[in-house]
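So the chains spell out like this:
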Amino acid sequence: MEEQVFTISVYTENNPGLLNRIATIFLKRHINIESLNVSRSEIENVHRFTIVARMTETNVKKLVGQIEKQIEVIKAYYHTDDEIIFHETALYKMASNLLFEQREIQNVIKNSSANIVTVHPDFFVIEKTGRRKDTEALHDQLAPYGIMQFVRSGRISISKTEMKISEKLKNF
Amino acid sequence: MEHPIPKNKTTEIISGAEAVVRALLEEGANLAYGYPGGAIMPIYDELYKYQDQLNHVLTRHEQGAIHAAQGFARVSGKVGVCLATSGPGATNLVTGIADAQIDSTPLVCITGQVASHLLGTDAFQETDVISISAPVTKWNVQVTKAEEIPAAIAKAFYIAKSGRPGPVLIDITKDAQLGQLEYNYEKCTGVRSYEPIPKTSEEAVKAAAELINSAKKPFVIFGQGVILGQAEAAFKAFVEKSGAPAAWTVLGLSALPTDHPLNVGMVGMHGHYGPNKLTNECDVLIAVGMRFDDRVTGSLHTYAKQAKVVHFEIDPAEVDKNVKANVAVLGDCKTSLEMLLPYIDTNNHDAWHNEFKKYHEEELKAVIEPQLKPTKEGLTMGEVINQVNKETNGNAVVVSDVGQHQMFTVRYANFTTTRSNVTSGGLGTMGFALPAAIGAKMGAPEREVVAFIGDGGYQMTCQELGTILQTGAAVKIVVLNNEFLGMVRQWQQLFFDKRYASTTMINPDFIKLAEAYDIKAAKVVKREDLAAAVKEMIASKESYFLEVMIEKEDNVFPMVPTGACVSEVRLS
Ligand SMILES: Cc1ncc(C[n+]2csc(CCOP(=O)(O)OP(=O)(O)O)c2C)c(N)n1
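If you read the protein sequences in the order shown, they are chains S and U.
So for the first sequence, the numbering used here puts the first residue at 1; every next one is plus one.
So for the second sequence, the numbering used here puts the first residue at 1; every next one is plus one.
Just so you know, the hints here were simulated from the structure itself, not pulled from any lab data.
All C-beta atoms in this analysis are idealised placements derived from N, C-alpha and C, irrespective of residue type, glycine included.
Mixed in with the good hints, there may be bad ones.
No more than 25 Å apart at the CA atoms, straight line, and that leaves these computed lysine to any residue pairs for SDA-like [unchecked claim]: (1) U:K145 to U:D45; (2) S:K69 to U:D45; (3) S:K69 to U:I132.
To spell it out: a stretch of chain S is covered by chain U in this simulated footprint if at least three of its residues, at any positions, have a beta carbon under 8 Å from a beta carbon of chain U; those stretches are [to be verified]: (4) 18-26; (5) 62-70.
Isolated chain S, as found in the complex (with noise of 0.2 Å):
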């Protein structure tokens, strides 16, 4: 079976050991968490891991399972890319007299639709938001003028299907 990119979604109760058992679960199998996103659900107190690895269908069922079997943890999900919408945010830390020494950096910025999220005398900073190509891209077009700081966040993705979530916490 081939290895392909999953995006494993688990709800779990606010436990600040449960990011420890998580990472082991993936870490025994020498499985690489290529990101990993942690954030509160549309339900209270309820907390969402977003995570991403590459691996075969029949291991992410295996992993999914020892996940689900953490006390904590509400249930476990894996989706592949086309059956979630999905996002990572990338920032730019740039030197602000590329701003007006260097012009077609703003159209750079204005055709990836990004954002300058904020302007300082020394640098600025811009946000985009996408899919990892489009990220990825602007950071190639940037990096000729000299990128002073680049970040990225992990993905966040929410499912196209239902989840059930507050339907399982009821049948508890």
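Dock chain U with the ligand against chain S, hints included.
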């Protein structure tokens, strides 16, 4: 001094430490094993006050405490409790926690921790036991406030014993033990994110029955799930009605009596000849409460590929983990087997049973008879175990350590009663048996408890002779002494051209050692002295130590070499 638990639920102000002890009592735990130290002293102070109600057994090492709690849990079906201090006390528990996790043993481990204001400062005896134990506990939690103690303990007991059991750990900071709380205990009856027992589907049960009824060569493999689910009667009824031959994994042993006509022996690396050979000839493989460990399956690529697989399992994560099931019946196997029974056709499969008999005859001649009726001068482990069978009529709790003697014990010991085989199966922890036997005896005081231990493993935890001395636990200890780390030596002989790297043992005088702890001791060197010595040991009302000198380079067979196919099982 008596401290009766007040029956009415009016709240009182007590310390966190007292709440720990009261909560243990509320959960019916009146026995705990442990070892004190700075960070857990407030709890020990309360144990002193409550000593009439809660018997705390001081072991000689924290590993001894947790293995004793495991032995207790395995024979009694109750939750084992152990306590340790922070830092080294807590880390000394880790081997036992991992052992209990892989063998699904319900335990509540309580560790003391440095005061919460010192957490993260590398304080004296501070260890992050929550992180260390996370991968080997079913659940763990650190408690830093006194008022959180009762709920944490209630949740711990519930999680440890419900569903697929396992060890939990509660780490309690010293300030939480010393702090005051309004005590009010409520048992935990559910955790919202946790479904201990998945619902058994009627459809799956029917599909399973259909496959089983259609089978010409059905083969049952049962594991500890039958024992943990208290499903022995339902399982026996199913096997008898279906007429299917049934083989056990190491941990399934004793769920069905050894002499049951449908019991065909053990599967796996040192399992019986027929069960291993015929795994690859059956048409329907019925797995009950077992998890297809690699020691059971050998190479998965060639494991039972011809068979349709029915898997009765409480833990959804075990389904399709190693062997793909055609029908998975989730749920507690007592429930699912009881649902299954009415759909099962009565059958006997005589011709199929004859195939097992033929292999058994071969194994008898090549392996079993030379073990039990040896013609060579040296004593065999098998004959010692068989002598114990004769004296106990198979009614004893039999504890084994890890190595050749363990495999001989599970192969040759007879069992009439469930929950009687106590051994470290999944982790293979040398040093398990002696403390586990102490716990087993306390879990079933009216029963005979015999531990078979190798000369190597014995020296990993023989400090627990001190616990026997102090408690008077009447365990019978048999050291099968081959002056080798026998199992490793066997592999060196078979796979490393007899290069015996670090497996020869120069041993102390075990008799003197036992006598130093005031334990009656005897040593057998010649076959003619064996029967009388075993008789005397079993007749003893007190603990007894028996050392038997064994043929040095004997091997355990049959054997499925690592990574080989089960049907490549060797008789020599
Ligand atoms: C704690 C631990 N360390 C190492 C091993 C590896 N090991 C498995 S069996 C064995 C030899 C056991 O020797 P002994 O206790 O004398 O029993 P025998 O095999 O001779 O019956 C060893 C070293 C283990 N299982 N557990």
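Tell me, in ascending order, the numbers of any earlier hints that this structure violates.
2
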